[in-house]
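Participant: Could you build all of it, start to finish, from the sequences and the hints given here?
Counting with the numbering used here, you get residues 203 to 346 for the letters of the sequence shown.
A portion of the hints provided could be inaccurate.
Here are the simulated lysine to aspartate or glutamate pairs, EDC-like style, with alpha carbons at most 16 Å apart [said to hold, decoys possible]:
(1) Lys248 / Glu211
(2) Lys246 / Asp328
(3) Lys296 / Asp310
(4) Lys246 / Glu270
(5) Lys246 / Glu236
(6) Lys248 / Glu236
Simulated restraints, written as ranges between beta carbons of each label pair [said to hold, decoys possible]:
(7) Gly229 / Ala293: 39 to 49 Å
(8) Thr267 / Glu241: 16 to 26 Å
(9) Gly229 / Arg303: 15 to 25 Å
(10) Asp310 / Gly252: 31 to 41 Å
Hints in this document: simulated from the structure, not taken from any laboratory. We treat Cβ as the ideally placed atom computed from N, Cα and C, and that holds for glycine.
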Amino acid sequence: MCGQCCQGEGGIVVSPADLSRICAFLGMTPQAFEVAYCERSNGKLKVRTGPDGNCVFFAAGRGCTVHEGKPDICRAWPFFRGNLVDAGSLAMAKEYCPGIRPGVRHADFAAAGRAYLAARGLLASDCTCEANALVLERDEDGAK
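Facilitator: Spelled out as structure tokens, the structure:
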């Protein structure tokens, strides 16, 4: 909850399920939410960043202002596909994310991450409208 993962542009994809959840939380229509907070990039709806480079929903000292309705990509961190499949990616994430135990082995992290994502319904199934960083339910070869 330090907010370091809330920095940077273009990473917070809003899937159709996310859009319903966050709009219900904010009491907004999807159209109003998109106009107020989003942009489209490569066909995907994404949350804009503010002038400070943070997600528009991140407030210093308060954290995520839409925590209960936040997108799945935010719910999944730090269990992004890159961190689960590549030990080097996990090593880089450890350098700036205090939520990742420094001594965790990649295999243990990956197993825990896949279990976490599966238990919470955070495995992506449609890469046309969901975050690429979410692990797909089925890999390209059809395996789970």
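Participant: Confirm or reject each hint.
Facilitator: Verification of the hints:
no.	hint	in the structure
1	Lys248 / Glu211	holds, 9 Å
2	Lys246 / Asp328	holds, 11 Å
3	Lys296 / Asp310	holds, 14 Å
4	Lys246 / Glu270	violated, 22 Å
5	Lys246 / Glu236	holds, 11 Å
6	Lys248 / Glu236	holds, 9 Å
7	Gly229 / Ala293: 39 to 49 Å	holds, 42 Å
8	Thr267 / Glu241: 16 to 26 Å	holds, 19 Å
9	Gly229 / Arg303: 15 to 25 Å	violated, 38 Å
10	Asp310 / Gly252: 31 to 41 Å	holds, 36 Å
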